[in-house]
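Chains as they are written, first to last, in UniProt numbering: chain A, 1 to 292; chain B, 1 to 449.
No wet-lab data here; the hints were simulated from the structure.
Far from chain A, some chain B residues (derived; all Cβ distances over 12 Å):
(1) G92
(2) E96
(3) D143
(4) P322
(5) A379
(6) D414
(7) D431
Rough simulated footprint, nothing fancy, chain B against chain A, three-plus residues with beta-carbon under 8 Å:
(8) 116-123
(9) 126-138
(10) 202-216
(11) 258-271
In silico negatives: residues of chain B with every beta carbon more than 12 Å from chain A:
(12) D332
(13) E333
(14) A448
Computed from a prediction, not measured in an experiment: that's the story for all the values here.
All residues carry an ideal CB built from backbone N, CA and C; glycine is no exception.
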Amino acid sequence: MQQLLNTALGGLTLGMVYAAFALALVLIWRSTRIVNFAQAPMAMVTTFVALVVVDAGHSYWLAFAAALVSGLLLGAVVERLVVRPVEGGPEINAVILTLGLFIVLHALAAVVFGNRYRSFPAPFGVRGLEVGGTTIALTGFGVFTVLAVLVTMGLLLALFRYTDVGLRMRASAFNPEVARLLGVRVGRMLTLGWALASLVGSLAGLLIAGGSLVHPAYMDSVVVYGFVAAVLGGLDSPIGAVVGGLLLGVALSFVSGYVGSQLVALAALVILMLVLTLRPGGLFAQAAARRV
Amino acid sequence: MRRRLHRSAPLAAVLAGALLLSACGAGGRSDDGDGGDEGGGGGATAPGVTEDSITIGAHFPLTGVAAPGYNEIPTGAKAYFDYVNAQGGVNGRQIEYLVRDDGYNPTNTSSVTNELVLEEEIFAMVGGLGTPTHSAVVDFLNDEGVPDFFVSSGSLQWGDDPENAPYTFGWQPDYEIEGKIIGQYVAENMPDAKVGLFLQDDDFGDDAEKGVRQFLDEQIVAAERYTSGNTDVGPQIAGLQAAGADLVLAFNTPSYTALSQLVALKLGYQPQWFYSNVGSDADLVGSLLSRFSEGAVEGGSGSLDGVMTTEYIPGVDQPDDPWVQLWQKVWDEHGEKGELTNYRVYGMSHAYAFVQALLAAGEDLTRDGLVEAMEEVGADLDGPQLAPFRYSADSHLGISGLRVVEIRDGAGEDLTPVLVTDIGDAEIAEDDSGQDGDAPPESGVPEAP
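Next comes chain B alone, as it looks inside the complex (with noise of 0.2 Å):
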């Protein structure tokens, strides 16, 4: 009987571990301090700003699963303000951009938001990264007034209904239009093709799964959904394959593109793969998978060769165009060590996006007018993207199409020209906005629209 006891003491401590080891993750905090002002002061009184400086922040996963790639964009990001400040910075004032780990966990992104607006009393919140990251600071940051630009993610919550969340705006295309232009395309161009779903499980997977099914619903043989951080993705890749779908469309992030071509090399699967954005950086994939040589996976930027895949801003394999050559320029003088990389391209493309929403909210710089002022010529900003933001009274949806491609030799070749539509029943037309064919000002620093 004592033996008994005497072994139950520690199986009870193995529960008490297991939630505390749980727990760990959770450090929250609680500060009270009421740094937050209502909406906005007049003047350069608004919080985070003063005569010569502009205080920003942002949080992204710099360490844990989601870190990879991701925690690149912020080191592109700070490249730019650092460029845009050695030439002045914006009507003279210096960017000055604070970057905090949230580890990809929402607990996480809950106290370092806090601590940002309350502590570092942050102007504004510019990329924040994630779906389920950054739904759980979006209503504290619109309570509080704070503008909430750019989101770093495409999920529909950011953009859909400014009334509900009038400080926050997304930035890349949202997953439903990228989800209907590939469903569209798959019509079109692969009538006959067996489809199947392989979605994250969350607002990515589902609002891709919704455009997509506008055009595809009779195609689509199987839909498996994975949870993010749990690896094997074996018995969702034996569904995939035992449903007899020969074309995959996949919305996923980059890992798990690599443990998906992993599980089907396992499988002897072998479909067509087309990859959403998220999924298919073929530099940080190949990175990935290039141990696994021995013939079996070719390692490199070749290793998603064939794979279809969208793209709606210039990335490092064009390095012939003009946005991309500007990118390189700020990386030489203001990067860190290490390449250029499609994340850092990423991070300075929303970093031009956010000083020209500086500039067109001229000297008098409030939180309100920054608002305001996005609401009103946001959708004339130049830069980068190949299709024109959506912003509007109405919208703060970001970018408005892209465009199919499929990589070879690691570079996309195109295969349809820019596709723009929105959200709903808008129809998919191609982009005659002339956004595809623009080039950045010489100074590499916008004008104020």
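Pulled out of the complex, with its shape left as it was, chain A reads as follows (with noise of 0.2 Å):
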């Protein structure tokens, strides 16, 4: 019964982190049309930036500042530098260079931080809390992340559904063109786009980073995971996309404590074939949508 609860509540805590990452990808699909490989490694550098800054004797919510703020300039300068000049082609262009940009990102990492493992801080400890005499698999951190995730999810909403901001990233997006003939300014919302999908990537980043250790290629895994969420959810609904991580997260925890840790990888490429076979708009897709 506790192995239960403690593989749930550990499925629970990883699945708000690849809800996290599905999230970014989700803005990023939602505001530019395409989807960013270089998400991983973007938070992983701004993941570094904050070790550098706790390194140097700041406080963790210093260092926690630091991160996110840098990711929003590096989504920034990403898109004015590296996506902007193959905008208007092929999608698949832009696709293509964030591979690049992921490799990149990777080698300049190891260069610049090191490739050591190391452990990375977090502020509520790691320990589980205890209910009614038993400790069970849920640390204050883990708190925080689950709270972190719904919050980020719920103003992602609110921006999107309610805002005036929203509805021109998202005019943008799906067709240019006519936006800029209504006066929106189409350049300055895909670089907002990229700069909050690349704050949300790195609060991933640091989610995930939190009371274990980092090192640079330590989202990679996240990446894959946080895909197969993202399309679970649709690619298009950011509820879509975080109760896609947290059916992932809890699923591959069963796979890795009742079945075996090396089917985790294998069951989530089973999982994203289904989805793709069955639902390709995923679980939250319009369709579905439309039926409730």
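Two chains, two frames, some hints: make the complex.
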């Protein structure tokens, strides 16, 4: 019983991180219609920025803020300098470009920050919470992770649904030319979309790093699982991304605990294939929404 | 409809991208150069050997998941080879030591080994690290007749079947005898313990489990396996906890020692931990855990206090040991920046054994001659190892034993004398060879055995 609970709780926290990462992908997808493969190394770089701040003797929260701000800036810079030149061409060009960026950032981080495993602090302790005499596999930091992702999802939903900026971002993504005719500064909206997505990616990076070990490749498995989560949720829906992340996290945790940890990556791919075959639009595709 | 199509294109791109990413690590080469010879020529004409030099190679994970700690091994070996070179080399030949990074990825190991053997024309591979990685090249090296000495891994496959891999020699105690000695110790001293096994899911865990189960089969309540590379070991540790294990025998790499300790904290799980030699470097694990202080985890070398492990060469926690004093001198004179660590000591220790092997092979150095010399005199080599090697024509397995220790203040306190055994049913006995008490020669360079 306790094992069941702890495996589920472990999956829940991990699923929330996948969810955060999927949110970042959804955000870029919604605001620019491309999938950003460089999301993981971008987040990794900002996590190392946080580590540098911590190493300099500052508090965790200052480091946290520094990582988020550098995520915001990095997203904007990447959009302006790297993605902008291929804009207007086939979407695949931009996607391939982000793949290239993936490799470049990896290599740069290894040179600048080194390739060692390093521990990353957590602000709320790494001991499990005590409930009725038994310890459950949920740390203070785990609770923070869950809350942070839920709040982020809420903010994104509100942004796209209730604000002018959100509407403009979506318009620019769906049809840049019409949007431009209607007076939307499309270029700025794309930059904003990238910056916000990169910020959410940084959050995911910080959440998975907290209380664990980091090295330049620590986000790589999250890339794959984050993509699966986003696809599971339909790539277009923030709620879908979070639900997809949770489902995936819990499912993979149970596969690891009760079937065998060597099958985790395989299980993720099977889920991905099933979703793409049975519901190519994801669980939260428009058609499903209409039926409800 | 148009939107639907529009949407599936990026999804396809996602898949294509994922495939591409996984292929990125694979950068294989397909050199067809024919630099390999037919098992060693005569005299100084052996590949990699000239009048005044011997070129040898090695593959290590200098980057990636397995790099922490392991990337220090070649720096130690290099320091020792430089030390020997500074004293005139081996039979007047300077040792050139080429290290290639394989990132602990078998595909890369193949390509860097091809490069070393076919392009750099190394005389021998020395100390190539890792079970999955070295497995990928052991056939190639044997087909090419390249001596493949002192593989940095305790898998049985380097030495239990010399007919199949005549050029390959193990070095450290294999995981099976380590499992046997640990198993017997627990059966005799902790007969009431409920034993849980935490195993890396490959030869490492399998060989060790085989050894442990010879003595402990009935005491074992759970065996959990983790896949190297998947850093979430929560479900595995939760499984051990659920089975009620109060003694965990862990056969894992150092990063996973840190991860398992963190997860145990999260789960409020406090068994007695017994890490095999591979995963128990107190300094490395301590540095990984040091940030989670806040009273929750003790950082630094004290982080593994009370944990049991094993020992087969003296380490930096024994600064008075004459071997460690030699390594310190070598490191001070020829090392890179940074402290002497147990990983560097490991590198120097196998470098010392290799220099002895070269001396045993004599002045007319050939690849086959080196292997023959090793089979003849290998069991009599001196060196820092606490128990003798098992090298003979029938076995290429390395060090024959170790002792059980408990970590106190970052140093090992002996719980048993040095125990020696062999694979299979061989009995476990106290070592009487005197290997434990020997000291290096004054010069620090071995003499021909």
